[in-house]
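J.: Residue numbers (numbering that gives the first Met the number 0), protein chains in the order written: chain A, 0 to 231; chain B, 0 to 116.
Be aware that one or more of the hints could be misleading.
[Unchecked claim] Have a look at the derived ranges for each label pair, beta carbon to beta carbon:
1) D21/B / G155/A: 34 to 40 Å
2) D76/B / N201/A: 52 to 58 Å
3) D222/A / D76/B: 37 to 43 Å
4) D76/B / T171/A: 33 to 39 Å
5) N7/B / D163/A: 20 to 26 Å
6) T171/A / M112/B: 19 to 25 Å
7) S65/B / Y217/A: 31 to 37 Å
[Stated by the list, open to error] For lysine-lysine, the following DSS-like pairs were computed, each having C-alpha atoms within a straight-line distance of at most 27 Å:
8) K219/A / K32/B
9) K219/A / K17/B
10) K52/B / K216/A
11) K219/A / K230/A
12) K17/B / K216/A
13) K47/A / K129/A
14) K111/A / K73/A
It should be emphasised that the hints constitute simulated quantities derived from the structure, not laboratory data. Quick caveat: nothing in here was measured; it's all calculated off a predicted structure. Where is the CB? At the ideal position from N, CA and C, for every residue including glycine.
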Amino acid sequence: MEPILECHELTKKYGNYFALSNLTLSLERGQIVGLLGPNGSGKTTLIKLINGLLTPTGGQIMINGLAPCPDTKKIVSYLPDRNFLNEHMRVSQILSYYEDFYDNFSTERASKMLETLEIDRRLRLQDLSKGTLEKVQLVLVMSRAADLYVLDEPIGGVDPAARDYILQTILTNYNENATVLISTHLISDIENILDRVIFLKNGQPALNASVDEIRTKYGKSVDALFREVFKC
Amino acid sequence: MPWNLDDNRPIYLQLMEKIQHDIISGVYRPGDKLPSVRDLALDAAVNPNTMQKALAELERSGLVYSQRTSGRFITDDQSLLNRTRDALAGEHIRSFMEQMNALGFDKETTLEMIQKL
Chain A
0 MEPILECHEL TKKYGNYFAL SNLTLSLERG QIVGLLGPNG SGKTTLIKLI
50 NGLLTPTGGQ IMINGLAPCP DTKKIVSYLP DRNFLNEHMR VSQILSYYED
100 FYDNFSTERA SKMLETLEID RRLRLQDLSK GTLEKVQLVL VMSRAADLYV
150 LDEPIGGVDP AARDYILQTI LTNYNENATV LISTHLISDI ENILDRVIFL
200 KNGQPALNAS VDEIRTKYGK SVDALFREVF KC
Chain B
0 MPWNLDDNRP IYLQLMEKIQ HDIISGVYRP GDKLPSVRDL ALDAAVNPNT
50 MQKALAELER SGLVYSQRTS GRFITDDQSL LNRTRDALAG EHIRSFMEQM
100 NALGFDKETT LEMIQKL
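Using the sequences plus the hints, can you model the full thing?
T.: Right, dumping it as structure tokens:
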């Protein structure tokens, strides 16, 4: 089967600054992949290119064989690193908004998760705490039956218990044909649920290997290796 | 409750060891059906593909066998179970002896101390 994501010599320049330079990589289906790198290494730039929020300066990016377009947005479920919803809306309104907007959104799945997390659907988003708002956003994103989930810092603002629940949510909703790409700094928290990791360094992949390959080869965790590779 | 896993060793190996331990210690009985890969992965809080790999390796060792449509089962080959149990015991004894040795006790003294317990 075709890779779900393919980048070929992908380059993005901001003025004279290369955020990504000649990045070539491909992601198979059915994997959970960690996109790791220090601040400014190009993670969010890559994610925005996948979602068509930026256009490449050079090279190609293909999702399921297509350049980013409305058809790829149907199969990509994206969690941005900041709030993207209208804060005046109530949780229940956002649910029907999503149901209208996406064919593959399951209100039932979302309702179940909101219930487990004890989130009151009558509340307006502006009245939710930062962590609760993040949970609502992740619930929305994971309630779509997508081919590629792109999660930009999904666990940054939530407490450790909710973090476990979120990781469980990712594991439960994940299916064999879908790929989950997660960017994060909290490596040790998610290391066990990843198939592989991609280290980005100055807009280029410094490493692309499976978690167990890394542990076998270096005798240390991905978290420890990251600290070594990106030592300041 | 996620399984207790070390940071520095391959995850699939540790999953294998844990399941092997559960088989030998009787959490699973000979002939029992194992939970599905997905349920085991959720329970351990690990990637399903990693769990799949651990189970495939256990299958190669013979401790677990799969039946095409109905899932994976624990072997009822008692002699294999005994051999596996003895091998595990051997590993524990070796690592214990090494630690005692590091503390300055030779084999005889260690054995004497065990007798006195």
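J.: Look at each hint and say if it fits the structure.
T.: Evaluated hints:
Judged by the Cβ atoms, the range 34 to 40 Å given for D21/B and G155/A holds: they are separated by roughly 35 Å. In this structure the hint that D76/B and N201/A lie 52 to 58 Å apart at CB holds, the actual value being about 55 Å. The hinted range of 37 to 43 Å is satisfied by D222/A and D76/B, whose Cβ atoms lie roughly 40 Å apart. At roughly 34 Å, the beta-carbon separation of D76/B and T171/A lies within the given 33 to 39 Å, and the hint holds.
Taken as a hint, the range 20 to 26 Å holds for the pair N7/B and D163/A, whose Cβ atoms sit roughly 22 Å apart. At about 50 Å, the CB distance of T171/A to M112/B disagrees with the hint of 19 to 25 Å. The supplied range of 31 to 37 Å is met by S65/B and Y217/A, whose beta-carbon atoms lie about 32 Å from each other. For the suggested pair K219/A and K32/B, the alpha carbons sit about 34 Å apart, so the restraint of at most 27 Å is broken.
Distance check on the hinted pair: K219/A and K17/B sit about 20 Å apart at the alpha-carbon level, within 27 Å; holds. Simply put, K52/B and K216/A have alpha-carbon atoms about 18 Å apart, close enough for the 27 Å limit, and the pair holds. The straight-line distance between the Cα atoms of K219/A and K230/A is roughly 15 Å, inside the 27 Å bound, and the hint therefore holds. The straight-line distance between the Cα atoms of K17/B and K216/A is roughly 22 Å, inside the 27 Å bound, and the hint therefore holds.
A distance of roughly 23 Å separates the Cα atoms of K47/A and K129/A; the hinted pair therefore holds under the 27 Å criterion. Restraint check for K111/A and K73/A: satisfied, since their Cα atoms lie roughly 23 Å apart, inside the 27 Å limit.
In this structure, the hints that do not hold are numbers 6 and 8, in rising order.
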